[in-house]
Amino acid sequence: MKITRRGLLKIGAISTSAITIGRGFNLFANAMELLPGGKEVSRTTGKFLKPIPSTCLNCYARCGNFGFVAYGGLIKIGPNPEHPNSRGRMCAKGQAGVNLLYDPDRVMHPLKRVGPRGEGKWKRITWEEAYITVVQKLRQLKAAGKEDEFVFQSDRDITTQDICRRFCYAYGTPNALVNHSPGGWNKRIAQMLTWGADFEIPDVANTEYILIFGSNPFEAHYMRTSFVQRIVEARGLRTEARLVKPKARLIVFDPRLTQTSGRADEWHPIKPGTDGAVALAMASVIMNEGLYDREFIGRWCNYPADKLARYLKKFTPEWAQKISGVPASDIKRIAKEFAATNPATTVSTGGVTKHQNSVYTERCVALLNAVTGNVDVKGGYCLPRSYEFAEPDPIPPVPQRRSELAHPVDFPLASYEVPQRVIPMIKEGRAKVSFYMTYQYNPAYSHPEGHEISRMLKDEDLIPFHVVIDSVYSETAALADMILPAATYTERLELESPPAFDMIPFVSLRQPFINPLGESVAITDLLIELAHRIGGGMERYFNFDTKGYLEHRITHIDGLKKAGGLSYLKENGLWYDKDAQPSFRTYEKKGFDTPSKKFEIYSERMAKYGFNPLPTYEPIQQHLTMKEDELFLITYQWSVHTHDRTANCMWLSEIVHENQVFINAETARLRGIEDGDMVEVISKAGSIKTKARVVQGIHPNVVAIGDSCGHWEYGRIAQAKAFESDVTTTKLLWWTEKGVTPNPIISIISDPIGGGEGWMDTKVRIKKI
Amino acid sequence: MDGYKGEDKEDMMESTENTARARAYEILAGFFSNEPTREMFDFLNEAISCSIEDTIEGIEVDFATMFIVPGNGLQPFESLYNRAPDEEPSLWGKATKDVAGFYRAYGVHIDESTGILPDHISVELGFMGHLIEREDNNAQRRFLEEHLLKWIPEFCDRVYSKANTDFYKGVSKLTKEFILSEYEAIKGEAR
Amino acid sequence: MAKEEEKRKIRYAMLVDLRRCVGCQSCSVACKSENEVPLSKFRTWVKIIEKGRYPDVSRQFLPALCNNCENPICNRNCPVHATYIRPDGIVMVNMHRCIGCMYCMASCPYDVRYVNPLRKIVQKCFWCAHRVDAGLLPACVETCLGRALIFGDINDPNSEISQVLATNAVVRLKPELGTDPHVFYIAADADAMDPTKGIDIDKIRFMEPY
Numbered sequence: 009m010k011i012t013r014r015g016l017l018k019i020g021a022i023s024t025s026a027i028t029i030g031r032g033f034n035l036f037a038n039a040m041e042l043l044p045g046g047k048e049v050s051r052t053t054g055k056f057l058k059p060i061p062s063t064c065l066n067c068y069a070r071c072g073n074f075g076f077v078a079y080g081g082l083i084k085i086g087p088n089p090e091h092p093n094s095r096g097r098m099c100a101k102g103q104a105g106v107n108l109l110y111d112p113d114r115v116m117h118p119l120k121r122v123g124p125r126g127e128g129k130w131k132r133i134t135w136e137e138a139y140i141t142v143v144q145k146l147r148q149l150k151a152a153g154k155e156d157e158f159v160f161q162s163d164r165d166i167t168t169q170d171i172c173r174r175f176c177y178a179y180g181t182p183n184a185l186v187n188h189s190p191g192g193w194n195k196r197i198a199q200m201l202t203w204g205a206d207f208e209i210p211d212v213a214n215t216e217y218i219l220i221f222g223s224n225p226f227e228a229h230y231m232r233t234s235f236v237q238r239i240v241e242a243r244g245l246r247t248e249a250r251l252v253k254p255k256a257r258l259i260v261f262d263p264r265l266t267q268t269s270g271r272a273d274e275w276h277p278i279k280p281g282t283d284g285a286v287a288l289a290m291a292s293v294i295m296n297e298g299l300y301d302r303e304f305i306g307r308w309c310n311y312p313a314d315k316l317a318r319y320l321k322k323f324t325p326e327w328a329q330k331i332s333g334v335p336a337s338d339i340k341r342i343a344k345e346f347a348a349t350n351p352a353t354t355v356s357t358g359g360v361t362k363h364q365n366s367v368y369t370e371r372c373v374a375l376l377n378a379v380t381g382n383v384d385v386k387g388g389y390c391l392p393r394s395y396e397f398a399e400p401d402p403i404p405p406v407p408q409r410r411s412e413l414a415h416p417v418d419f420p421l422a423s424y425e426v427p428q429r430v431i432p433m434i435k436e437g438r439a440k441v442s443f444y445m446t447y448q449y450n451p452a453y454s455h456p457e458g459h460e461i462s463r464m465l466k467d468e469d470l471i472p473f474h475v476v477i478d479s480v481y482s483e484t485a486a487l488a489d490m491i492l493p494a495a496t497y498t499e500r501l502e503l504e505s506p507p508a509f510d511m512i513p514f515v516s517l518r519q520p521f522i523n524p525l526g527e528s529v530a531i532t533d534l535l536i537e538l539a540h541r542i543g544g545g546m547e548r549y550f551n552f553d554t555k556g557y558l559e560h561r562i563t564h565i566d567g568l569k570k571a572g573g574l575s576y577l578k579e580n581g582l583w584y585d586k587d588a589q590p591s592f593r594t595y596e597k598k599g600f601d602t603p604s605k606k607f608e609i610y611s612e613r614m615a616k617y618g619f620n621p622l623p624t625y626e627p628i629q630q631h632l633t634m635k636e637d638e639l640f641l642i643t644y645q646w647s648v649h650t651h652d653r654t655a656n657c658m659w660l661s662e663i664v665h666e667n668q669v670f671i672n673a674e675t676a677r678l679r680g681i682e683d684g685d686m687v688e689v690i691s692k693a694g695s696i697k698t699k700a701r702v703v704q705g706i707h708p709n710v711v712a713i714g715d716s717c718g719h720w721e722y723g724r725i726a727q728a729k730a731f732e733s734d735v736t737t738t739k740l741l742w743w744t745e746k747g748v749t750p751n752p753i754i755s756i757i758s759d760p761i762g763g764g765e766g767w768m769d770t771k772v773r774i775k776k777i
Numbered sequence: 066m067d068g069y070k071g072e073d074k075e076d077m078m079e080s081t082e083n084t085a086r087a088r089a090y091e092i093l094a095g096f097f098s099n100e101p102t103r104e105m106f107d108f109l110n111e112a113i114s115c116s117i118e119d120t121i122e123g124i125e126v127d128f129a130t131m132f133i134v135p136g137n138g139l140q141p142f143e144s145l146y147n148r149a150p151d152e153e154p155s156l157w158g159k160a161t162k163d164v165a166g167f168y169r170a171y172g173v174h175i176d177e178s179t180g181i182l183p184d185h186i187s188v189e190l191g192f193m194g195h196l197i198e199r200e201d202n203n204a205q206r207r208f209l210e211e212h213l214l215k216w217i218p219e220f221c222d223r224v225y226s227k228a229n230t231d232f233y234k235g236v237s238k239l240t241k242e243f244i245l246s247e248y249e250a251i252k253g254e255a256r
Numbered sequence: 107m108a109k110e111e112e113k114r115k116i117r118y119a120m121l122v123d124l125r126r127c128v129g130c131q132s133c134s135v136a137c138k139s140e141n142e143v144p145l146s147k148f149r150t151w152v153k154i155i156e157k158g159r160y161p162d163v164s165r166q167f168l169p170a171l172c173n174n175c176e177n178p179i180c181n182r183n184c185p186v187h188a189t190y191i192r193p194d195g196i197v198m199v200n201m202h203r204c205i206g207c208m209y210c211m212a213s214c215p216y217d218v219r220y221v222n223p224l225r226k227i228v229q230k231c232f233w234c235a236h237r238v239d240a241g242l243l244p245a246c247v248e249t250c251l252g253r254a255l256i257f258g259d260i261n262d263p264n265s266e267i268s269q270v271l272a273t274n275a276v277v278r279l280k281p282e283l284g285t286d287p288h289v290f291y292i293a294a295d296a297d298a299m300d301p302t303k304g305i306d307i308d309k310i311r312f313m314e315p316y
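Chains as they are written, first to last, in the working numbering: chain A, 9 to 777; chain B, 66 to 256; chain C, 107 to 316.
Same shape as in the complex, but just chain A (with noise of 0.2 Å):
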């Protein structure tokens, strides 16, 4: 094609505006519009920044925040002091946000695939298209009487489950597979068996004694942020310099030297998986040391102490000792510390939750907070405190179709699906997919053996149609066959209400900071016009918009709807009862919400399922034969980063941006590895390369690798590509190593309870290279 400035100008001459010269004249067009009287703007100054109250999600622990807008632009995110769980802080997560928003690689129109699956060919498409092809499709599979075809599976995201769960069940599939996130799913399962609640919140902030089983909540943890202050204040290092406070102790069983346990009173480190064997020695010495909380055992629990006594008598610290390498007499000192000092709690989450014993083991560390009375206490071990939302009438029936995806025969407790068998089960013909719909989820990244994944999503005689919504061009969605893009958490609205930890439940909303970018929907709007188009019915669930459906929610919140309901939330960003008090022992007005309305130390439903009814010990079988040169694989969370969706946060990855595998200096030295070294980290599922760090602060017998890095896809900044090498500019992305991700080395393995992944209990062989 050739056409000079001559050539060009003579078109322009000759054409009219009549003439549309592509689709998005238009929208051009339309896009300038003329304002009376030009007036010049200071370009540099006079910047007025307005505050903008909302939610942060860029981890599940939804801290307060502000955007600060100027110019139609987010130009900062800084914390909300009025917020009561994060009262004006905001971890590095959360002020990256802005990179989230802006990341220069964002999905940003919808694209449909041309040429092979994976092939990264794509050609964009009109929202109108992409509606037209989805509609279609679904009121196929509909007409076909196969609505439970259609699959849809996200992260968990309390925020947008529920609408997805209604879309799915309007449109007549059981199979709304939102419930779970691949990691700690096992924690929730056993405490709902336990105690009805699916998550404890320990009362840090007025405790004494701080007991945790893996788990770092300096670096990670479900609501990190407004965690981490109230330990640090508990901890008794208060500066200001009247207030006088007995400095509560932490002791910490990680076999990882973490922020956490490098700054505890006492670090323990424990054999991946064995937290368990330590919990019920601990709860032994307990009971047969008469140290127990013989009020709360007898009136809210639903096994006699005496009985409990007996059966834990065999748990004892040597044999304790034997199983985790934790010296008896710790225990035993530490068990006795536990019972003595009030009030007390346990923390516990990835370390226990990521096994394959996680259900057992978690209800050990239950077991403890129960016998010494420290449940729902001040101070203590308490259950969770937060708004339900309503849905808006009428609300669309489950289907009663029986689906292998959402509720697995050989799950029977997992109450839900389990995400990272969902993909295999397909595989195995347990399930037919037709149409696989995911949002914000990225198996073939993020899931244990994740390349086996990324072999299966390209399969299309197994999913023959794949829609990804998402605003980054994930490992997923980069095996799709259409890209809808999502917008992110700055650009969406949306009501929150997580646990509170001054025990005072409130509601929290999350508003958009400025128009979604490009032609991204947010996931309520376009399942709202998804369900329209779709029609059959199915419209009249979605009887409301987005502010609608949001404003039905909260209407059964009484102090919310007298202080101006939605619109409150928009000045405000949350609400909460200003003259409720904290109250404590909340179980004793209903008692628990577990069939005995108990404190359940047996569980009928465990034992009805051929599982032991009674907290208990179950050894990981891949210790059982372990090998003299093998090591415990475990993972774990960089305090600057997410399992999966921060990589493209350019401020994060700077910090932290390398996956190097951490190893104690001896058995690096025995294997003639030094720090710095490549090594191969080689398990039964494959084997990947990285660098060795050799360090003291890490278990003899185990090599730990972070998650969160080695992208292959998800843009530049998380695959470490400097922009554009000929420019100057790109020397400022400085690091080159994009680190590498366990999880293809991980193999899929699920607690038999609780369904969850057993992250940590892979074992490797580490060699030089």
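None of these hints come from the bench; they were simulated from the model.
In the BS3-like style, the derived pairs of lysine-lysine whose C-alpha atoms are separated by at most 30 Å in a straight line are:
#, chain 1, residue 1, chain 2, residue 2
1, A, K605, A, K322
2, A, K697, C, K157
3, A, K129, B, K238
4, C, K153, A, K729
5, B, K159, A, K84
6, C, K153, A, K84
7, C, K226, B, K215
8, A, K699, C, K157
9, B, K215, A, K729
10, A, K697, C, K303
11, A, K120, A, K729
12, C, K153, A, K699
13, A, K555, A, K570
14, A, K279, A, K776
15, A, K466, A, K154
16, A, K279, C, K153
17, C, K226, B, K159
18, C, K157, A, K340
19, A, K279, C, K303
20, A, K771, C, K157
21, B, K241, A, K129
22, A, K145, A, K555
23, A, K635, A, K322
24, C, K303, A, K776
25, B, K215, B, K241
26, C, K157, A, K255
27, A, K279, C, K157
28, B, K234, A, K729
29, A, K729, B, K238
30, B, K227, A, K120
Since chain A is already given, all that's left is putting chains B and C on it; use the hints.
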């Protein structure tokens, strides 16, 4: 700066040279705002009897691959190119704010609901067309110097080297040459 | 004049209570966001080291930032007098005067200054003077998860910082150089303060020193 005077509009339109220039900018804007349509093809073929050998499909994929699919480094936004060495690669950078300020100063604003960023190449080119219609030579020159010239030639070079179709090789070459020739012309005028 | 006198009485200082620091790097990122600090440069960062031998190991942190010294060296050899001291003690760099000769960087004993890659001028932490002037705390102090950072006027006996200083033992970095640094540390670890000791965990590396 002279304000926009409605009554002068007729006179402006009489200037065919300027009308042609303004249209030319709009056409170039169209090249980058969307994939070409069949009408556009036909029109181009007819108008200057150039032969486009690429298929529509090929051009569409080329367009998406270069300007839409993330990670290819050719997103057509000024702030990704006209960027200080100390500025991080990000949308809505300093250049975006600058250009938004420029529009404001000339009484033009972008409908936010379109979701389009002010420093998208087609918005900038279109704005230049607008300045030509207003016959504001000073502003044209400033906008060229401060924005278009700062990044479009370099951007076009990259498109040229990455494009798989003759169509975009041609478009990028044309755009670059046109912008440079415009600058020569305006400089000449100013003297 | 009277107003000037009044202002002189203020002496801002920063106190870092390392018993409360959790090494979260929130301050580092807040600073980047607030002050548009380019990639590869930090005005404040948290050094994280591992100390000891297995199993007696601990982690130690040390947030590092400009000490805004009372008696700085950096301003003395500036040939164009770009570095100056505000009456409230904050050491500023006048970006219009700075010629990027880096003499100040060579003389700074704390290595907290850097050259902005574009403007070729030297920048550093100035305790968010723009925020302080508007009545706000510096961005890092505002966001600190453990409330380890305390900022305020040490000439005001009622300020939080004065009260904490009065009741706690504090150390400063390299006080022997006579610069009178105004970042105070409570419970700072000797190894963390020594660049040759401990295993550096975080390794926030810099592209180039200058």
